[in-house]
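A.B. asks: With chain A's structure known, arrange chain B on it following the hints.
From first to last, the protein sequence lines stand for chains A and B.
Numbering-wise, the first sequence is residues 1 to 381 according to full-length UniProt numbering.
Numbering-wise, the second sequence is residues 1 to 344 according to full-length UniProt numbering.
No wet-lab data here; the hints were simulated from the structure.
Some hints here could point you the wrong way.
To be verified - Using 20 Å as the maximum straight-line C-alpha spacing, the simulated SDA-like pairs for lysine to any residue come out as follows:
#, chain 1, residue 1, chain 2, residue 2
1, B, Lys317, A, Glu70
2, B, Lys279, A, Glu70
3, B, Lys260, B, Gly272
Unchecked claim - Some chain A residues flagged as far from chain B (calculated, every beta-carbon gap over 12 Å):
#, residue
4, Pro61
5, Ala88
6, Glu91
7, Leu202
8, Thr207
9, Arg236
10, Val331
11, Phe352
Glycine included, C-beta positions come from ideal geometry on N, C-alpha and C.
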Amino acid sequence: MAAPVVRGVRKLLKLVDFTPVPRRHRYKKKWATTEPEFPASRLALQNFDMTYSVQFGDLWPSIRVSLLSEQKYSALVNNFDAWDNVSAKLEHLGAKDFVKEAISPQELEPESDLSPPPSLNYSPNLRCFTFPRGDISRFPPARLGSLGLMDYYLMDAASLLPVLALGLQPGDTVLDLCAAPGGKTLALLQTGCCRNLAANDLSTSRTGRLQKVLHSYVPQDIREGNQVRVTSWDGRRWGELEGDTYDRVLVDVPCTTDRHSLHEEENNIFQRSRKKERQMLPMLQVQLLAAGLLATKPGGHVVYSTCSLSHLQNEYVVQGAIELLANQYSVKVQVEDLSHFRKLFMDTFSFFPSCQVGELVIPNLMANFGPMYFCKMHRLP
Amino acid sequence: MAALGRQVCDWHRLTALSWACLSRRTPHLRERRRMSPSLFCKLTTVCSGESLQESSCVRPKKYVLDPEYSTQLVPCLHGEQRTRVEPKSSELEKVISSLQDMGFDEAHVNSLLSMQPTVHPQQLLDIISEFLLLGLHPEPVFMAMKKSPQLLKLSTVQMKKRSSYLRKLGLGEGKLKSLLHGCPEVFTMRQRDIESVVKVLKEKCLFTVQQITELLHRCPAVFQEDPSKLEYKFQYAYFRMGIKQRDIVRSDFLQYSVTKIKQRHMYLERLGRYQTPDKKGQTQIPNPLLKDILRVSEDEFLARTACSSAEEFEVFKKLLEREEEESESHVSEEEEEDEEEEEL
Chain A
1 MAAPVVRGVR KLLKLVDFTP VPRRHRYKKK WATTEPEFPA SRLALQNFDM TYSVQFGDLW
61 PSIRVSLLSE QKYSALVNNF DAWDNVSAKL EHLGAKDFVK EAISPQELEP ESDLSPPPSL
121 NYSPNLRCFT FPRGDISRFP PARLGSLGLM DYYLMDAASL LPVLALGLQP GDTVLDLCAA
181 PGGKTLALLQ TGCCRNLAAN DLSTSRTGRL QKVLHSYVPQ DIREGNQVRV TSWDGRRWGE
241 LEGDTYDRVL VDVPCTTDRH SLHEEENNIF QRSRKKERQM LPMLQVQLLA AGLLATKPGG
301 HVVYSTCSLS HLQNEYVVQG AIELLANQYS VKVQVEDLSH FRKLFMDTFS FFPSCQVGEL
361 VIPNLMANFG PMYFCKMHRL P
Chain B
1 MAALGRQVCD WHRLTALSWA CLSRRTPHLR ERRRMSPSLF CKLTTVCSGE SLQESSCVRP
61 KKYVLDPEYS TQLVPCLHGE QRTRVEPKSS ELEKVISSLQ DMGFDEAHVN SLLSMQPTVH
121 PQQLLDIISE FLLLGLHPEP VFMAMKKSPQ LLKLSTVQMK KRSSYLRKLG LGEGKLKSLL
181 HGCPEVFTMR QRDIESVVKV LKEKCLFTVQ QITELLHRCP AVFQEDPSKL EYKFQYAYFR
241 MGIKQRDIVR SDFLQYSVTK IKQRHMYLER LGRYQTPDKK GQTQIPNPLL KDILRVSEDE
301 FLARTACSSA EEFEVFKKLL EREEEESESH VSEEEEEDEE EEEL
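In isolation and in its complexed conformation, chain A is listed as follows (with noise of 0.2 Å):
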């Protein structure tokens, strides 16, 4: 009886050896449990120590470390608020605005001769806290204030830096060409300069992002004015819909977000599936940062920023840009000094010494914030 019952199985093991695969296709699958799982923040950090490696060198190590620990804050006062309550209660905490601190001793400077050269003027009215270096104290969450709009920001202070070094003047009309999600838009709003702001973003989830955070913090006629603008557009066809339009433009693109990659694994730029998008990115940059090239006035100002430590994405899309608007649209563009910039604010970051073009905060355990790269040009009439 058993007999025949194992020749019918034996027969049907053959049957299935004699699958149409060929044989040079056939595999045997791994088990789900020995498959080597890779989390995408793994694979980053590979990738960085690849590449920042060489990059940094020595100063790779501090980078990492900070990196992988918790980053630092900074508390940005709402000016639409009671903005005197609050620096006051931030004062108490023992909190210190690293604005007033690094541009006050600058203003005595003209009395002293030693005028800065007009073009290098900062954004002003922005008020933002942090502690002192080494301090690793946190902000308590922002409160509702007095006119029912948040009292402040939580932000990384280096993300300050690009709206400070834009260097808006009262009336001027900007643009954020990637704004979501909010952060550098609301700091363009607080400066009190924008006669009209247009804040664009691809992604309709990450405008309502923007719209969620300009709702709790800037007031209603401000927001329903035609003061502020929110679009959903593409920014690479900025170029054709708004040419020389704007006085300043702020080009804060899509980047590897190096500190979020390390910690998220939701929506990593760094997970397989997204590789061809990656190794996109800098054309994709060098697009945006041409098309807002163009949307700037002749005699306006642009400013590239990214959070990302990579100078494939940093200087090399600055330099690609210029080149492209040259060679394509003859249009002139110088890239702006910052070294000064930097070194008003060296107490506060610690910047990379040396980058061909712009500025790059690096992160370091003793002040981490950053990564942030900025980079401003002069569209020249």
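C.D. replies: Just chain B now, with coordinates in the frame of chain A:
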């Protein structure tokens, strides 16, 4: 094995007591005894009526193992015990003199007697002689007593039981000295606690018997660790740092606190200077040696191993402490993060 151990113990005791008894009967020799052990040796041989030149007083283990010799001493001991029933003051005197005979100087004797006034001097003498019988020298015994005076409260039975248990663990003779120096509490601890530590080492951490002996000899403080924490420390070494049992023993890993280990290891790991080996034991970068991570001072660790600055490490330690706290109370952290609005 255990029985033999106990027997050896008993012989030890006999010799010391006879030693004390002998020297009392010959007071003029008492002063000399300390400087010339060989002289004493001769005296004892006279007592036994045999020539035992090869057995020396300096190595009590050897002559104790000679059964013939020890049996000869028995009558001597009985004589001693009979004479002990005397008024208190003279009893104290006797204890003092016996202590001196054992090799304690006057200052030591006085402080020994004043350590635990409630303990009867005779019990004190018994316990100390018990320690000496284990092959320890007066100096380390005195230091241990000073470090933990509750040792004097022990009864000889407890003491014998514990020492035979330790012998079973392989912690006999020479090793006892470092044990007594590193962790005198091992004699006063509850048997159950010691057993649970040994059980964790054996069953959870899978150390071999020899490894356990060496481990306990090298870092006696392990006895006093909380077994669950000990297991956690081991798991951190094994799984997180990729260190095998053999190297845990060799590097005295378990003697360092978990906080220190974590601080230094995680700092190196985040700097990119330490990698957990894969299952073949390979890493992409050469890891620093364990002794360069843990045994060195913090300055040296930062200068040589981590190549980093002290102020950065200070900040890191604070951050790590907070991280650990928050990973324990996961729920509250998540709430906080929801409220904070983030911007990169």
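A.B. asks: Taking the numbered hints from earlier one at a time, note which ones the structure violates and give those numbers from smallest to largest.
C.D. replies: 2, 4
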